[in-house]
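**Q** Chain residues, written in single-letter form:
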Amino acid sequence: MIYTQSPLAIALFVSFVLFVLGLSFYLARRTTSSEGYYAAGGNIHWFVNGIAFAGDYLSAASFLGICGMIATAGYDGFLYSIGYLAGWMVALFLVAEPMKRLGKYTFTDALDSKFNSKGIQLAAAISTLVVSMFYLIPQMVGAGVLVQPLLGLPHYVGVIIVGIVVTLIVATAGMASTTYVQFMKGGLLLICSTILVIGILGRGLSTDPNQGDTKPYHDFQTITASVAGDGSLLLSDASYSASADWQSGHYGEAGFVKLTKEGVETIWQFKKSATGFNLEETLFVTTLADGTKLYNGASKEEGKFFPVGHIKELKIDGVEVAETGAVGPLAFLKAVKESTVVLWGKQYVKNDDGGKTLIYYQKPTTGTRILRPGLKFKVDNASGTDKFNFISLMLALFCGTAALPHILIRYYTVPSQAAARKSTLVAIASIGFFYVLTLFMGIGAMTNGVINLTDNNMSAPLVALSFGVILFSVISSIAFATVLGTVSGLIVAASGAVAHDLMSNFLGIKMTDSGMVMAGKMSAVVVGIIAIYLGIVFEGMNVSFLVGWAFAVAASANLPAILMLLFWKKTTAPGITASIMVGLVSSLGLILLSPDMWVRYGLLPQDAPVAFNSPALISVPLSFIALVVVSLMTQNSMPAPVED
Amino acid sequence: MGHGPAVKLGKDYASSYKTLLGIRMFIAYTIVYAIFVGINAVNPSVMETIVLGQTLAVVYGFGLIFLAFVMAIVYNHFCTAAEARMNK
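Those sequence lines, one after another, are chains H and B.
Residues in the first sequence are numbered from 70 upward in steps of one, following the numbering used here.
Residues in the second sequence are numbered from -14 upward in steps of one, following the numbering used here.
For the record, the hints were derived by calculation from the structure and aren't laboratory data.
Don't take each hint at face value.
[Stated by the list, open to error] Pairs of lysine to aspartate or glutamate residues, derived as EDC-like cross-links and limited to a Cα-Cα distance of at most 20 Å, are as follows:
#1 K341(H) / D299(H)
#2 K369(H) / E608(H)
#3 K330(H) / D288(H)
#4 K447(H) / E33(B)
#5 K445(H) / E33(B)
#6 K415(H) / D665(H)
#7 K327(H) / D288(H)
#8 K419(H) / D288(H)
#9 K341(H) / D306(H)
#10 K384(H) / E33(B)
#11 K432(H) / E33(B)
#12 K456(H) / E33(B)
#13 K415(H) / D145(H)
#14 K425(H) / E334(H)
Build the full structure now, drawing on both the sequences and the hints.
**A** As structure tokens, this is what we get:
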């Protein structure tokens, strides 16, 4: 799938980036102290901080990843929205005010506030760095995804642009500029997403997603067929022909047939019907033995790999219709529920030349099936491992939010505990509203013929493109700003862990206040370079899925320590250190040995030593157990923590 | 470099009340969330049940988001009132 670049989109993007950089350089002149650099001086208004929370939190994973996953797998993508928001209840009810009360610059400050322990300082700083890195990967991947349609640049260039711009932002003004960038971005994202959803509802649903002949949609063909006595395939469309040995080989065994028309080879799915057989057109990506990729048999630039997403059968109150016209949000979902939408499955087939072909085949799916879990996560007739994976993911999403370092440090930017609480309330309202919108944006992409099957992360910006280049340009620029803002927050958190927690506290390096700021800026540059590298390596993975891992690591390494410190008086410094390290090592170890990582290593997923992808259900309890056991063992050797 | 808050905070006499309220409300929300996850894991076809014209999955999902917002407002209301009452 290829895109046409618009000068307007490029102009908007460049303007936005220049504005953000200008703001950073302006704020940099007022940021001379470490309080200013790491905590924006602690005087941000709670409403601004609340929207900035939304800016921090509504990252590429939310806007690109969730919408993309809903577009291709329905309600399963929305599960991320639900889990991400539920996590804010942990933050509001248990963490917000104590974090404000205990900490100064970093998450480590709060954990170490009662102990002044070198072990906690080291473990928490490592945890902050690891979680921030895991969270940075999907943001950088998202940046690379965005620049392709927006600027016509390859993935790695987008990653490098974000890396450089963000490092400049952070290295100039730290938390102050990050906060105001997040505030603007969060507000704009909410406004533009609302406009997009109003557009989707106003257009309504249609079985012909060409939007009044303004946007051509490929008509996917179905050919009827029968098998002759000699085994040859007889096709209703005589312009196509199949080879005599169509039933044998890798394709025949996988249920596909290669047909040739005017010298062009296409792949069709073979299905039994009441009267014989149906052949349904597929899309396919062939990877040749030398690594060259062909999209529907041609190079990507030839544009033969079509965007997809259409309704096969549209019903309102049980009556079949061609289109709904403008509908309200509930009527929209009700119509989808009663209809049948064509989703797409995928299957790999080996080629004789040593290459392989990834075939995307049509999968008509009822609306009730789309609007309930089970299309991505295997929950129906699921094995124990499948159920474990699902519960573990939902646990990670629930527990991860309140343990993300770049979210926690935002509590230090407000002046009081009440302001911390109120900013969390604003965050919940704005983030919750946005997550409701994700369902409509995702289904809008699913039914408007805009999905790029090779990378569903672009679904939300591409549904905006179906309304015109202006909305697309604005949405894409904001999406890019989304990445900029979140990466800024993460790099501030990571640089604080290096300069404040490791260099100053753990190693005891004496630094002046300005030296402390300089150390943070240098750390930001190093972290930025590492993030660029990781963003290039992980190209192509769904960004929301990647964020799920970051949540699992954060929930395992940080949350047990935070909660037990606040609510269990027998917690000791060695207990907290053990909890962080056990949570970190177990979650990381399980991820690195998981089936999805095995694919990244170029191995078969079924050969992975661990059968599940989401580790939280094991690593979070392990972290709690480690804290309790070690704390009980060290009661006598450690001084009791000081009460507030 | 020392620890401690980035800004000076006064003594909060409502702290215990807010902590207890937070724990109770957290438990209440967690139960509702756990039931949602449990249904999806154990008997996902129940989520296809039509409730108020929508699938139960949609109603429950939106309900969890809306409930979070309502509980956040209630929590903030009681905390603000407690601060006004106890921190005079």
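**Q** Each of the hints needs a verdict: does it hold here or not?
**A** Hints, verified against the model:
no.: 1; hint: K341(H) / D299(H); in the structure: holds (19 Å)
no.: 2; hint: K369(H) / E608(H); in the structure: holds (17 Å)
no.: 3; hint: K330(H) / D288(H); in the structure: holds (16 Å)
no.: 4; hint: K447(H) / E33(B); in the structure: holds (15 Å)
no.: 5; hint: K445(H) / E33(B); in the structure: holds (16 Å)
no.: 6; hint: K415(H) / D665(H); in the structure: holds (16 Å)
no.: 7; hint: K327(H) / D288(H); in the structure: holds (19 Å)
no.: 8; hint: K419(H) / D288(H); in the structure: violated (27 Å)
no.: 9; hint: K341(H) / D306(H); in the structure: holds (17 Å)
no.: 10; hint: K384(H) / E33(B); in the structure: holds (17 Å)
no.: 11; hint: K432(H) / E33(B); in the structure: holds (19 Å)
no.: 12; hint: K456(H) / E33(B); in the structure: holds (18 Å)
no.: 13; hint: K415(H) / D145(H); in the structure: holds (17 Å)
no.: 14; hint: K425(H) / E334(H); in the structure: holds (15 Å)
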